[in-house]
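**Student:** Given next are the chains, with one letter for each unit.
Number of protein chains: 2
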Amino acid sequence: MKKIESLENQKVKEWSRLKEKKYRDLESKFLIEGDHLIEEAQKHGIVLEVLSLEEKNYPVPSYLVTKEIMKKLSEQQTFPQQMAVCQKLESKNMEGNMLILDGIQDPGNLGTILRSAVAFDFANIFLSSSCVDLYNPKVIRSTEGMFFELNIVRGDLVSMIGKLKEEGYEIIGLDMLHGEAFEPENISEPYAFVIGSEGKGLSKESLELCTKFCYLPMSKNAESLNAAVCASILLYEMSKRRL
Amino acid sequence: MKKIESLENQKVKEWSRLKEKKYRDLESKFLIEGDHLIEEAQKHGIVLEVLSLEEKNYPVPSYLVTKEIMKKLSEQQTFPQQMAVCQKLESKNMEGNMLILDGIQDPGNLGTILRSAVAFDFANIFLSSSCVDLYNPKVIRSTEGMFFELNIVRGDLVSMIGKLKEEGYEIIGLDMLHGEAFEPENISEPYAFVIGSEGKGLSKESLELCTKFCYLPMSKNAESLNAAVCASILLYEMSKRRL
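First to last, the protein sequences are chains A and B.
In my numbering, each residue carries its 1-based index in the first sequence increased by 3.
In my numbering, each residue carries its 1-based index in the second sequence increased by 3.
Source of the hints: derived by calculation from the structure; they are not laboratory data.
Note that the structure is a prediction, hence the values are computed from the model and not measured.
Heads up, a few of these hints could be off.
Simulated pairs of lysine-lysine, DSSO-like, Cα-Cα distance not exceeding 30 Å [claimed, not checked]:
(1) B/K22 x A/K141
(2) A/K74 x B/K24
(3) B/K74 x A/K203
(4) B/K95 x B/K207
(5) A/K75 x B/K203
(6) B/K203 x A/K59
(7) B/K223 x A/K141
Construct the entire structure; sequences and hints are all you get.
**Tutor:** So this is what it looks like as C-alpha cells:
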C-alpha cells in the first residue's frame, strides 16, 4: 500500500473533489464509505481505488492514509476505516416496467426507494434531472449498498415519458387528488409509475403526460405519505402480483 | 405581543432548554417550527406559547422575537417565521391493535412511521425506552404534523409485551430470519407488530417474547428493508383488510 500523509497530496485533492456533484459528473467516479459498501461495490467490479487506515490487501490500487485525510473525505461525523473510489454504474437499456422519480429531493428518500426496488425485484429506475444526485454520499449510505444491481438512468422527464408512451407504456401518476384507488390487478404491462417530489408532488409536466392516476387509500386525517413509503408500497404490491 | 430582543432573556433561555430531551421530559413541553405544524398543534389544543418574527394575533401568549433568537431556537438551517412551545401529548389507554417500535434510532424513520400510522388509521404506538425521543425536533419535522392524534406511549418493552400477552394479544415480530411470509389474512386480533431497530433488528428481549414471527417476501439479493418502509407496508396491508 502506498502511504499518504499530507492533506495537500495531489491524490487527496482529487478524492476530495468527488464530494461535489460537478466533479463526480466530470470524472464519472464517486466515493463510498465503510466495509459493507466496499464489499458490495467489489461484487459489481466498480471499485477503482481503496484508501484505508490500516494495512490490508486489496485487488485494486490502495493507499494507507491518516485519520485527518479520512476525516476530510468522509461525510459522516464518525469517519470510517475504509473508503473507496468507484466508477459510476453503466446504464443498460431500459426494458420492462419502470419507476420514474419526478424531483425527489431528500437523499434519504432516494436511497430508501432504491433499497426497496432491490428488495422487490424492480430493476428500472428513471431519475428526472431535478432529483438529488444518485451519487450523493447520503443517498448511497441510505441504500445500505443495495443499488449496484439496479438499472438507473437520469435525464429529461418529458422526453423519457414521451418515448415510453410511443412504446405503449401506461404512465401512472401517484397523486392524492386524481384517479382511482391503487389496485395491482388494474395495472397493465408495460407500465411506469411516476412518484412526485416531497414538497410539491407531481410536476406540471407529469400531470400533463400521465395516462392514468391513482392513489393509495388513506385516512381523511392524513394529507400525504412519505414519498419513499409510497413508492415502496407500490413496488411491494406489484412484486406480490408476480408471485 | 410582548417583544423580546435579548438572547439573554429568561424566556429565551427557557425555550432553548427544550432542545434537550432532559428538559422536555422535566417540563412536559416541546418546541415545534413553522406555520403548518403550529396549525396542526392548535387543532389539538396543545399550543402553550407562540414566538414569531412578525406581529400577529394568537389565541395563546405570544412573543415578537428577533431573527437571532429564532436562529438560536431552530434546528433547521433556514429558521422559520414562527415557532411554538407545546404541551406533550397525553397517552390514553391502549386499546386495540398496536405497533411496537423496538429501538428505532433514526428520527426520520420514527417520524415517517408515525405519519404512515395516521394515514392508515392505526392509532396505538408503543416506543421502547431505547427509541429516539418522540419530541426530538427531527422526528416532529418528519411527521409533517401528522402525529398529534395518535396514542403514543413510551416505556419498558418487556413489561408492555408481558401485559399484552396476558390480555391475549398475538405478538408478531418482523424478522428476516424467522417465521412465515406476512399474510394479512393470517393475523388474528388483537395483535401487536414489533419492528426492530435499523442496525440490529429485533432485540434479544423481543425475540424471546414474540408469539409469532413473519417477514415480507423479498429478493434474495436484498438483505433488509428500511424500518419505516417495513412498518408502513404492514400498516397499509392491515388497513386494506379493514376496508
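**Student:** If any of the earlier hints don't hold here, list their numbers in rising order.
**Tutor:** none
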